[in-house]
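Enquirer: With this note's numbering applied, the sequence shown corresponds to residues 27 to 185, in that order.
Don't take every hint at face value.
[What the hints assert, rightly or not] Simulated crosslink set (DSS-like; lysine-lysine; CA at most 27 Å straight-line):
no., residue 1, residue 2
1, Lys153, Lys85
2, Lys43, Lys148
3, Lys43, Lys161
4, Lys148, Lys133
5, Lys43, Lys153
6, Lys176, Lys148
7, Lys140, Lys43
Don't read these hints as lab results, they were simulated from the structure.
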Amino acid sequence: MIFVTVGAQMPFDRLVKTVDEWAGENGREDVFAQIGPTDWKPQNIEWTQFLDSARFFEKFDASETIVAHAGMGTILSGLVRGKSILVMPRQGSLRETRNDHQVATAKRLLELGKVNVAFDEKELREKLNEIDRIKESSPIGPYASSELIKKIREFIDQA
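Please put together the full structure from these sequences, using the hints given.
Expert: Take a look at the structure:
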């Protein structure tokens, strides 16, 4: 299953519409989306506006691939579970968010090889066409590394 999520705070119609159109054109019946508070409704995929935490992680865990906005909560949840992750960041210039923090996040995580990124609808369609070949991410631990914790403690002790 492909699980699409836009987070709980705002809709991301550009992402969901592209996935919905792609699923319809390609006969994909294995897509479920959490679309947020929007008036627009998908035609080709199963969807809901909101999921409680238990249902969210039920869908998340049942999926092979996560397609999402570049929100850190979603990305970290996917990395901890070793999921294949494809993100399309919201853009401040399109008023999808306050600024381009999601673009910066996506660029950095792409550099680190942690996620697959599409920066626009055309690129998202291209990546969706390859979705069954996107490799799983290497799982990360659910907590900060002991080395990072040690460095933070040293910094605090010196303050």
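Enquirer: Hinted pair, alpha-carbon criterion (27 Å max): Lys43, Lys161. Please report holds or violated.
Expert: With a Cα-Cα distance of about 24 Å, the restraint between Lys43 and Lys161 holds, given a limit of 27 Å.
Enquirer: Is Lys140 within 27 Å of Lys43, Cα to Cα?
Expert: The given pair, whose Cα atoms are some 25 Å apart, holds under the 27 Å limit.
Enquirer: Is it true that the CA of Lys43 sits at most 27 Å from the CA of Lys153?
Expert: holds (15 Å)
Enquirer: Hint check: Lys148 vs Lys133, CA-CA at most 27 Å. Holds or violated?
Expert: holds (17 Å)
Enquirer: Assess, step by step, whether the Cα of Lys153 is no farther than 27 Å from the Cα of Lys85, and give holds or violated.
Expert: Answer holds: Lys153 to Lys85 is near 21 Å, not above 27 Å.
Enquirer: When you check the alpha-carbon spacing of Lys43 and Lys148, does it fall within 27 Å?
Expert: Status holds; Cα separation ~12 Å.
Enquirer: With the threshold set at 27 Å, check whether the alpha-carbon distance from Lys176 to Lys148 stays at or below it.
Expert: Violated: Lys176 and Lys148 sit about 44 Å apart, past 27 Å.
The structure shown violates just one earlier hint, number 6.
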